[in-house]
Amino acid sequence: KAGVTQTPRYLIKTRGQQVTLSCSPISGHRSVSWYQQTPGQGLQFLFEYFSETQRNKGNFPGRFSGRQFSNSRSEMNVSTLELGDSALYLCASSLAVGVGGSNEQFFGPGTRLTVL
Amino acid sequence: DQQVKQNSPSLSVQEGRISILNCDYTNSMFDYFLWYKKYPAEGPTFLISISSIKDKNEDGRFTVFLNKSAKHLSLHIVPSQPGDSAVYFCAASAIRVAGANSKLTFGKGITLSVRP
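Same order as they appear, the protein sequences are chains C and P. Residue 58 is where the first sequence starts when you use my numbering, and the numbers rise one by one after that. Residue 82 is where the second sequence starts when you use my numbering, and the numbers rise one by one after that.
Mixed in with the good hints there might be a few duds.
Said to hold, decoys possible - Which chain P residues face chain C? A few, computed with CB under 7 Å, are given here:
#1 R98
#2 D112
#3 G124
#4 P125
#5 F127
#6 S130
It should be emphasised that the hints constitute simulated quantities derived from the structure, not laboratory data. Source: prediction; values computed, not measured. Where is the CB? At the ideal position from N, CA and C, for every residue including glycine.
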């Protein structure tokens with residue numbers, strides 16, 4: 058079974074630009090979560106999508122948004138990029154068995170975004 | 082406020098010996114805990130998890146212990162191998178809380194080095 062895939066793997070943008078990252082979950086997984094990893098803050102939860110709906114959201118500004126398609130693929134968008142947005146953006150998928158169920162999340166390799 | 086803490090940033094162990102990685106949490110709502118391993122330029126790989134209804138879970142060389150009263154968990158790797166050298170993240174979630182069960186809160190990671 059193929060794992061979580063993310064595209065692109067590397068991206069360089071300049072301040073003020075916007076960027077879209079893509080994630081394809083493991084086949085059969087309906088939940089997709091996004092995380093930002095930086096050296097200072099570690100792994101921080103951005104948001105989670107399930108059945109094309111945002112189900113959970115972390116503490117990030119509105120410049121960070123996402124969506125999920127009917128095939129469970131997800132995209133995240135960052136508008137008006139800032140230097141501090143430079144990070145590794147990780148996507149994770151899970152079966153999402155519901156409240157009370159185990160929620161092992163399986164991560165993709167990430168997209169390394171550099172903002173100049 | 083860091084809800085999941087991995088206070089030791091690094092650990093060095095001789096091959097064949099036991100590696101013990103510690104993690105503390107503060108949020109009483111957390112009831113499901115996971116350990117991930119991460120190599121550079123890759124996404125985190127799921128290792129092992131434990132529900133709060135258990136105090137121990139074992140999978141091959143990896144054992145996770147949970148002490149709910151102390152809000153502490155630890156990952157034991159026995160015997161340690163050079164290939165175990167990586168960054169290890171502890172993560173927690175509140176799986177019985179609707180709207181929050183899909184969010185993982187991560188510690189900042191511990192870099193494990195296993196010396197041949």
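Quick rundown of the hints versus the structure:
no.: 1; hint: R98; result: violated (27 Å)
no.: 2; hint: D112; result: violated (9 Å)
no.: 3; hint: G124; result: holds (3 Å)
no.: 4; hint: P125; result: holds (5 Å)
no.: 5; hint: F127; result: holds (5 Å)
no.: 6; hint: S130; result: holds (6 Å)
Of the numbered hints stated above, those contradicted by the structure are hints 1, 2, listed in ascending order.
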